[in-house]
Amino acid sequence: MRFTLLAALPLLYSVSFALGLPLFSKRAGTVDYYDPRNGGGSLLNQSGGPGLGEPLNVIISGKSSSDVLTKDGFLNYVRAVGYSMECFGQHQGARQPANLGDGNGPKDEREVLREHFNIPILGTCLQSLTGGNHMRTYAQDGPNANSGALFLAVSQEKDLADHHAIVPDGYNIGRDKFVSEAVGEKKLGFPFFRKYTTTVQDITGLMAPGAQGVNHGIATDGVVKLLTVTSKFSF
47 MRFTLLAALP LLYSVSFALG LPLFSKRAGT VDYYDPRNGG GSLLNQSGGP
97 GLGEPLNVII SGKSSSDVLT KDGFLNYVRA VGYSMECFGQ HQGARQPANL
147 GDGNGPKDER EVLREHFNIP ILGTCLQSLT GGNHMRTYAQ DGPNANSGAL
197 FLAVSQEKDL ADHHAIVPDG YNIGRDKFVS EAVGEKKLGF PFFRKYTTTV
247 QDITGLMAPG AQGVNHGIAT DGVVKLLTVT SKFSF
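Counting from 47, one number per residue, gives the positions in the sequence shown under my numbering.
Hints are supplied without guarantee of correctness; some may be wrong.
[Claimed, not checked] Capping the alpha-carbon separation at 25 angstroms, the derived lysine-lysine pairs in BS3-like fashion look like this:
1) 241 - 278
2) 204 - 271
3) 271 - 223
4) 109 - 233
5) 232 - 109
6) 204 - 223
7) 117 - 233
8) 109 - 223
9) 278 - 117
10) 278 - 109
11) 271 - 153
12) 109 - 271
13) 232 - 278
14) 271 - 233
15) 223 - 241
16) 117 - 232
17) 271 - 232
18) 271 - 241
19) 117 - 271
20) 223 - 233
21) 278 - 233
22) 153 - 109
23) 241 - 117
24) 223 - 117
25) 117 - 153
26) 241 - 109
Just so you know, these hints were derived from the structure itself, not from any lab.
Input sequences plus hints: build the corresponding full structure.
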């Protein structure tokens, strides 16, 4: 008997439903993001002492596919890019709240994600030991500015012996590394079968360049990378 896509559709829909992933891409929103400053927020989170924070230097657009903007869907996306949840889901260190001007006030990061070096399960444990890229994610989903966008604080850090301090120029370096890995097409295989297509746009004017208010006194170039991600089912 010939196996056709039409015959396979019921199975595909069943798998898609069980995993909570749509077969076909669906746009989540009509705006990329709302400027946090308009609602009393900031493009710096709160870390390192009063008046200091780490830059929210990447935004996942609210116009991205809806599944990418959920917690589980975003985890699947970054797994395809090269990141995953922390070592055995364990988090050490203080939370770093951010105010996205959406009416929720300062909220802790939704999760911390680390490079996995293409090593299943133990890759992020290696990152925790040796250093590398990591990110904190924040969802702009409050009652006053619900874009659905994700604001990311991405940086490159030193190893555990150096207490995960940020490397020199680590905010720009970490951002650019993640973006270069994400842009274009990425696939996540069994059992998810997703293909992600990511485009990038540079946003200036949201965050001032320099080191004013930046944790560790590490200057940034002030550029925020806006990523728009399209997700669809693909073998």
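Structure-based check of each hint:
1. 241 - 278: Holds, at roughly 5 angstroms.
2. 204 - 271: This hinted pair holds, its Cα atoms lying about 23 angstroms apart.
3. 271 - 223: With a Cα-Cα distance of about 11 angstroms, the restraint between residue 271 and residue 223 holds, given a limit of 25 angstroms.
4. 109 - 233: 20 angstroms, holds
5. 232 - 109: Measuring from Cα to Cα gives roughly 18 angstroms; hence the hint holds.
6. 204 - 223: Between residue 204 and residue 223 the Cα gap is close to 15 angstroms, so the pair holds against 25 angstroms.
7. 117 - 233: 18 angstroms, holds
8. 109 - 223: Holds. Residue 109 to residue 223 sits at ~23 angstroms (cutoff 25 angstroms).
9. 278 - 117: 17 angstroms, holds
10. 278 - 109: Roughly 14 angstroms between the alpha carbons, so the hint for residue 278 and residue 109 holds.
11. 271 - 153: 22 angstroms, holds
12. 109 - 271: Between residue 109 and residue 271 the Cα gap is close to 14 angstroms, so the pair holds against 25 angstroms.
13. 232 - 278: With a Cα-Cα distance of about 11 angstroms, the restraint between residue 232 and residue 278 holds, given a limit of 25 angstroms.
14. 271 - 233: 21 angstroms, holds
15. 223 - 241: OK: residue 223 and residue 241 at ~20 angstroms, within 25 angstroms.
16. 117 - 232: Cα-Cα ~18 angstroms, so holds.
17. 271 - 232: 18 angstroms, holds
18. 271 - 241: 21 angstroms, holds
19. 117 - 271: Given that 25 angstroms is the threshold and the Cα spacing comes to 20 angstroms, the pair holds.
20. 223 - 233: 18 angstroms, holds
21. 278 - 233: Distance of about 10 angstroms is within 25 angstroms: holds.
22. 153 - 109: 22 angstroms, holds
23. 241 - 117: 17 angstroms, holds
24. 223 - 117: Status holds; Cα separation ~22 angstroms.
25. 117 - 153: 15 angstroms, holds
26. 241 - 109: Given that 25 angstroms is the threshold and the Cα spacing comes to 17 angstroms, the pair holds.
In terms of the numbered hints stated before, the structure departs from none.
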